[in-house]
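Engineer: Chain by chain, the residues:
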Amino acid sequence: SQQGEEDPQALSIQEGENATMNCSYKTSINNLQWYRQNSGRGLVHLILIRSNEREKHSGRLRVTLDTSKKSSSLLITASRAADTASYFCATDTGGTSYGKLTFGQGTILTVHP
Amino acid sequence: NAGVTQTPKFQVLKTGQSMTLQCAQDMNHEYMSWYRQDPGMGLRLIHYSVGAGITDQGEVPNGYNVSRSTTEDFPLRLLSAAPSQTSVYFCASRWTGGSHNSPLHFGNGTRLTVT
Numbered sequence: 001s002q003q004g005e006e007d008p009q010a011l012s013i014q015e016g017e018n019a020t021m022n023c024s025y026k027t028s029i030n031n032l033q034w035y036r037q038n039s040g041r042g043l044v045h046l047i048l049i050r051s052n053e054r055e056k057h058s059g060r061l062r063v064t065l066d067t068s069k070k071s072s073s074l075l076i077t078a079s080r081a082a083d084t085a086s087y088f089c090a091t092d093t094g095g096t097s098y099g100k101l102t103f104g105q106g107t108i109l110t111v112h113p
Numbered sequence: 001n002a003g004v005t006q007t008p009k010f011q012v013l014k015t016g017q018s019m020t021l022q023c024a025q026d027m028n029h030e031y032m033s034w035y036r037q038d039p040g041m042g043l044r045l046i047h048y049s050v051g052a053g054i055t056d057q058g059e060v061p062n063g064y065n066v067s068r069s070t071t072e073d074f075p076l077r078l079l080s081a082a083p084s085q086t087s088v089y090f091c092a093s094r095w096t097g098g099s100h101n102s103p104l105h106f107g108n109g110t111r112l113t114v115t
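Order-wise, the sequence lines are chains W and H.
Numbering-wise (the numbering used here), the first sequence opens with residue 1 and increments by one.
Numbering-wise (the numbering used here), the second sequence opens with residue 1 and increments by one.
Errors might be hidden in some of the hints.
[To be verified] Just a few of them, taken from the derived set where beta-carbon distance is under 10 Å, the chain H residues facing chain W:
id : residue
1  : ARG77
2  : CYS91
3  : PHE106
4  : ARG111
[Claimed, not checked] Distance condition first, Cα-Cα at most 25 Å in a straight line; then the derived SDA-like pairs of lysine to any residue:
id : chain 1 : residue 1 : chain 2 : residue 2
5  : W       : LYS56     : W       : ALA78
6  : W       : LYS70     : H       : SER102
7  : W       : LYS26     : H       : THR96
8  : W       : LYS26     : H       : GLU59
9  : W       : LYS26     : H       : GLY40
10 : W       : LYS26     : H       : GLY58
11 : W       : LYS26     : H       : ASN101
12 : W       : LYS56     : W       : SER28
13 : W       : LYS70     : W       : ALA10
14 : W       : LYS69     : W       : VAL111
15 : W       : LYS70     : W       : ASN30
16 : H       : LYS14     : H       : THR96
17 : W       : LYS70     : H       : ASN101
18 : W       : LYS70     : W       : GLU53
19 : H       : LYS9      : W       : ARG80
20 : W       : LYS56     : W       : GLY40
21 : H       : LYS9      : H       : ALA24
22 : W       : LYS26     : W       : ARG50
23 : H       : LYS9      : H       : ASP38
24 : W       : LYS56     : W       : LEU75
25 : H       : LYS9      : W       : ILE108
26 : W       : LYS70     : H       : GLY58
27 : W       : LYS69     : W       : GLU53
28 : W       : LYS70     : H       : ARG44
29 : W       : LYS26     : H       : GLN57
30 : H       : LYS9      : W       : THR84
31 : W       : LYS70     : W       : ASN52
32 : W       : LYS26     : H       : LYS14
33 : W       : LYS26     : H       : ASP56
34 : W       : LYS26     : W       : ASN52
35 : H       : LYS9      : W       : ALA85
36 : H       : LYS14     : H       : GLU72
37 : W       : LYS26     : H       : LYS9
[Claimed, not checked] Only part of the chain W face toward chain H is listed, based on derived beta-carbon distances under 8 Å:
id : residue
38 : ALA10
39 : ARG41
40 : HIS45
Hint data in this document are derived by calculation from the structure and do not stem from the laboratory.
Just so you know, these numbers come straight off a predicted model, no measurement behind them.
From the three backbone atoms N, C-alpha and C, an ideal C-beta is built for every residue, glycine too.
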């Protein structure tokens, strides 16, 4: 079963607007990661947030983590047409699952110029 | 530094045929893994390896075999292809020295169609 569930499944916005994607998970995690996938390509790592962190920034990206609610959000500010892609959250539960990441189903983001 | 290289990019098989999907990385990563991506299903882990000589099953291992004879290579074998194995396959590796807090590096995928 999927550890991460993402919401919404698809998001369509205009260039310049902000995009927010949410991820919920079921079990305790060591860290949560966000990835981006352009059509026909492999996934590219965007940002990693550890379980003891609440917020992290990278350029126009802001990730929050609420371990009490088992949820995370990815905010892309001032979106551009080039941000059009699928975005996935992935959880690392650590321990005996050493190294394994479990992915959500993804959010398809379309940014209209 | 090529990262993670997957071959072939595309493959068409007939039911019952066998083939090997190749994956190589030049980053000296101990951890390597195979995922399949299907519409609406996200990525599902097939097999993974934490080092040469060590492999383990993921979420959907049936119908697939792996081996890890070197740090660099992690081939995925389909012994008798079935239409249900039509998918896009991704190989990914990560550095695991010291902590779990490292990202996965993905190849560009192999698109497999089984007729």
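Engineer: Give a verdict on every hint.
Structural biologist: Comparing the hints with the structure gives:
1. The beta carbon of ARG77 of chain H is not positioned within 10 Å of any beta carbon in chain W (closest approach about 20 Å), and the interface hint is therefore violated.
2. Annotation: CYS91 of chain H was flagged as interfacial toward chain W, and the flag holds, the nearest CB pair being 9 Å apart, inside 10 Å.
3. Among the interface hints, the one on PHE106 of chain H holds; its C-beta lies about 4 Å from the nearest C-beta in chain W, closer than the 10 Å criterion.
4. Using the Cβ-Cβ criterion of 10 Å, the hint placing ARG111 of chain H at the interface with chain W is satisfied: the shortest such distance is roughly 8 Å.
5. Note on LYS56 of chain W and ALA78 of chain W: the hinted pairing holds, with a Cα-Cα distance of about 17 Å set against a maximum of 25 Å.
6. A C-alpha spacing of about 20 Å is found between LYS70 of chain W and SER102 of chain H, which places the hinted pair at or below 25 Å, so the restraint holds.
7. In summary, the hint linking LYS26 of chain W to THR96 of chain H is supported, as the alpha carbons are separated by about 24 Å, within the 25 Å threshold.
8. Distance check on the hinted pair: LYS26 of chain W and GLU59 of chain H sit about 16 Å apart at the alpha-carbon level, within 25 Å; holds.
9. Pair hint LYS26 of chain W plus GLY40 of chain H holds up; C-alpha atoms about 19 Å apart against a cutoff of 25 Å.
10. Taking the CA atoms of LYS26 of chain W and GLY58 of chain H, the gap is near 18 Å; set against the 25 Å cutoff, the hint holds.
11. With a C-alpha separation of about 19 Å, the suggested pair LYS26 of chain W and ASN101 of chain H falls inside the 25 Å cut-off, and the hint holds.
12. The suggested pairing of LYS56 of chain W with SER28 of chain W holds, with an alpha-carbon distance near 19 Å, which does not exceed 25 Å.
13. Among the hinted pairs, LYS70 of chain W with ALA10 of chain W is consistent with the structure: their alpha-carbon atoms are about 21 Å apart, no more than 25 Å.
14. With a C-alpha separation of about 29 Å, the suggested pair LYS69 of chain W and VAL111 of chain W falls outside the 25 Å cut-off, and the hint is violated.
15. The straight-line distance between the Cα atoms of LYS70 of chain W and ASN30 of chain W is roughly 12 Å, inside the 25 Å bound, and the hint therefore holds.
16. Simply put, LYS14 of chain H and THR96 of chain H have alpha-carbon atoms about 38 Å apart, too far for the 25 Å limit, and the pair is violated.
17. In summary, the hint linking LYS70 of chain W to ASN101 of chain H is supported, as the alpha carbons are separated by about 18 Å, within the 25 Å threshold.
18. Taken as a hint, the LYS70 of chain W and GLU53 of chain W pair is honoured in the structure, with Cα atoms around 13 Å apart against an allowance of 25 Å.
19. A distance of roughly 29 Å separates the Cα atoms of LYS9 of chain H and ARG80 of chain W; the hinted pair therefore is violated under the 25 Å criterion.
20. For the proposed pair LYS56 of chain W and GLY40 of chain W, the alpha carbon gap of about 28 Å is over 25 Å, so the pair is violated.
21. For the hint linking LYS9 of chain H to ALA24 of chain H, the alpha-carbon distance of about 14 Å falls within 25 Å, and the restraint holds.
22. A threshold of 25 Å between alpha carbons decides the hint, and for LYS26 of chain W with ARG50 of chain W the separation of about 16 Å falls inside it, so the pair holds.
23. At most 25 Å may separate the alpha-carbon atoms for a hinted pair to count; LYS9 of chain H and ASP38 of chain H meet this at roughly 16 Å.
24. This hinted pair checks out: LYS56 of chain W and LEU75 of chain W have alpha carbons roughly 11 Å apart, not beyond 25 Å.
25. A distance of roughly 23 Å separates the Cα atoms of LYS9 of chain H and ILE108 of chain W; the hinted pair therefore holds under the 25 Å criterion.
26. Restraint check for LYS70 of chain W and GLY58 of chain H: the C-alpha separation of about 23 Å stays at or below 25 Å, so the hint holds.
27. Annotation: proposed proximity of LYS69 of chain W to GLU53 of chain W holds, straight-line Cα distance about 14 Å (limit 25 Å).
28. Restraint check for LYS70 of chain W and ARG44 of chain H: satisfied, since their Cα atoms lie roughly 21 Å apart, inside the 25 Å limit.
29. Straight-line distance between C-alpha atoms of LYS26 of chain W and GLN57 of chain H comes to about 21 Å, which keeps the hinted pair within the 25 Å bound.
30. Pair hint LYS9 of chain H plus THR84 of chain W holds up; C-alpha atoms about 23 Å apart against a cutoff of 25 Å.
31. Simply put, LYS70 of chain W and ASN52 of chain W have alpha-carbon atoms about 13 Å apart, close enough for the 25 Å limit, and the pair holds.
32. The hinted pair formed by LYS26 of chain W and LYS14 of chain H fails the criterion: a straight-line CA distance of about 39 Å is larger than 25 Å.
33. The hinted pair formed by LYS26 of chain W and ASP56 of chain H meets the criterion: a straight-line CA distance of about 23 Å does not exceed 25 Å.
34. The suggested pairing of LYS26 of chain W with ASN52 of chain W holds, with an alpha-carbon distance near 17 Å, which does not exceed 25 Å.
35. For the given pair, LYS9 of chain H sits about 20 Å from ALA85 of chain W by alpha-carbon distance, which is consistent with the 25 Å threshold.
36. Between LYS14 of chain H and GLU72 of chain H the CA atoms are separated by roughly 29 Å; this puts the pair beyond 25 Å, and the hint is violated.
37. Pair hint LYS26 of chain W plus LYS9 of chain H does not hold up; C-alpha atoms about 34 Å apart against a cutoff of 25 Å.
38. At a threshold of 8 Å, the smallest CB-CB gap from ALA10 of chain W to chain H is about 12 Å, leaving the interface hint violated.
39. A distance limit of 8 Å between C-beta atoms decides the matter here; for ARG41 of chain W the minimum to chain H is near 6 Å, and the interface restraint holds.
40. Look at HIS45 of chain W: its Cβ gets to within about 4 Å of chain H, closer than 8 Å, so that hint holds up.
Of the numbered hints listed earlier, those contradicted by the structure are 1, 14, 16, 19, 20, 32, 36, 37, 38.
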